[in-house]
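Colleague: The lines below spell out each chain.
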Amino acid sequence: MSNQIDTGLQFHQQALNLRAYRQEVLAANIANADTPNYKARDVDFKAALQGAVGGARSSGALPLAQTASGHLAGSAASNPAGAPLLYRTETQSSVDGNTVNIDTERAAFAENSLQYEASLTFVNQFMRNIQSALQSQ
Amino acid sequence: MSMLNVFNIAGSALTAQSARLNTVASNLANADSVAGPDGLPYKAKQVVFTAKPVEGGGTGVRVTAVVEDNAPGRTLYDPKNPAADEKGFVTMPNVNVVEEMVNMISASRAYQNNVEVMNTAKTLMQKTLTLGQ
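Order-wise, the sequence lines are chains A and B.
Note that this note's numbering numbers the first sequence so that position 53 is 53, with each residue one more than the last.
Note that this note's numbering numbers the second sequence so that position 51 is 51, with each residue one more than the last.
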């Protein structure tokens with residue numbers, strides 16, 4: 001039972017970590033909206049979460065090979081910072097080499113905030129379900 | 001803590017944009033300054049933004065230099081002016097008021113964007129603090 005609770009929370013923990021990380025990346029894009037030669041970046045959330053939940057390192061990173069029984073197992077815990085940072089496809093190029101489109105970034109930022117809140121709501125509901133299951137009638 | 005880094009990143013942008021706004025204010029205030037401390041006409045100044053990693057991760061922005069515009073200043077025929085040359089022309093600062101106003105609006109909007117980012121991050125943090133209650 002406790003294992004089920006753990007698994008249920010683990011997913012939301014990974015999702016929240018990734019959402020917070022994406023929020024940071026988008027904030028950096030908005031902060032650098034006027035910086036020459038800055039290239040807007042983003043995280044492929046779906047691929048990153050699949051990589052994090054599956055235990056495997058997200059694409060782009062090589063797993064640690066174990067060639068002898070005495071070797072330590074590589075840490076399977078996925079770091080949200082290990083999620084691959086991709087470059088955003090340019091919609092309107094600017095002369096100074098900056099690829100930030102402020103409308104796209106603001107939209108992505110608002111969307112990511114909402115998804116973060118949704119994840120928080122899921123966790124809260126999860127807790128509430130467990131609490132009601134624990135209560136004696 | 002990723003979400004706390006958002007404050008550092010947006011904060012660095014606020015500092016940079018306010019430096020830009022200060023430069024615009026300086027340029028506009030001196031749009032008619034015929035002589036500066038060195039006796040020469042005032043030269044328009046511009047800030048240089050550079051992306052810079054902030055403490056804890058993420059990319060912020062910093063003003064790495066304030067450069068002077070070397071465009072020739074506009075000349076004005078005013079023989080009565082004490083700064084006029086022998087032909088009666090006065091060299092005025094090379095400040096383009098229209099450009100400066102556009103720069104000001106752009107800086108102001110960028111500042112507002114970053115304030116919005118900070119507010120959102122704050123709301124999310126507060127919601128995270130009430131997790132499980």
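Just so you know, not all the hints are guaranteed correct.
Unchecked claim - Derived contacts from chain A toward chain B, CB cut-off under 8 Å, selection only:
no.	residue
1	Y21
2	A31
3	D44
These are calculated hints, taken from the structure and not from any lab test.
Only a predicted model underlies this, so the values are computations on that prediction, with no experimental measurement involved.
Glycine residues also receive a C-beta, built at the ideal position from the N, C-alpha and C atoms.
Colleague: Against this structure, judge whether each hint is valid.
Modeller: Evaluated hints:
About 5 Å separates the beta-carbon of Y21/A from the nearest beta-carbon of chain B, less than 8 Å, and the hint is met. For A31/A, the shortest C-beta to C-beta distance to chain B is roughly 3 Å, which falls under 8 Å, so the interface hint holds. Proximity of D44/A to chain B is violated relative to the hint, the smallest CB-CB distance being about 17 Å (cut-off 8 Å).
Checked against the numbered hints given earlier, this structure breaks only hint 3.
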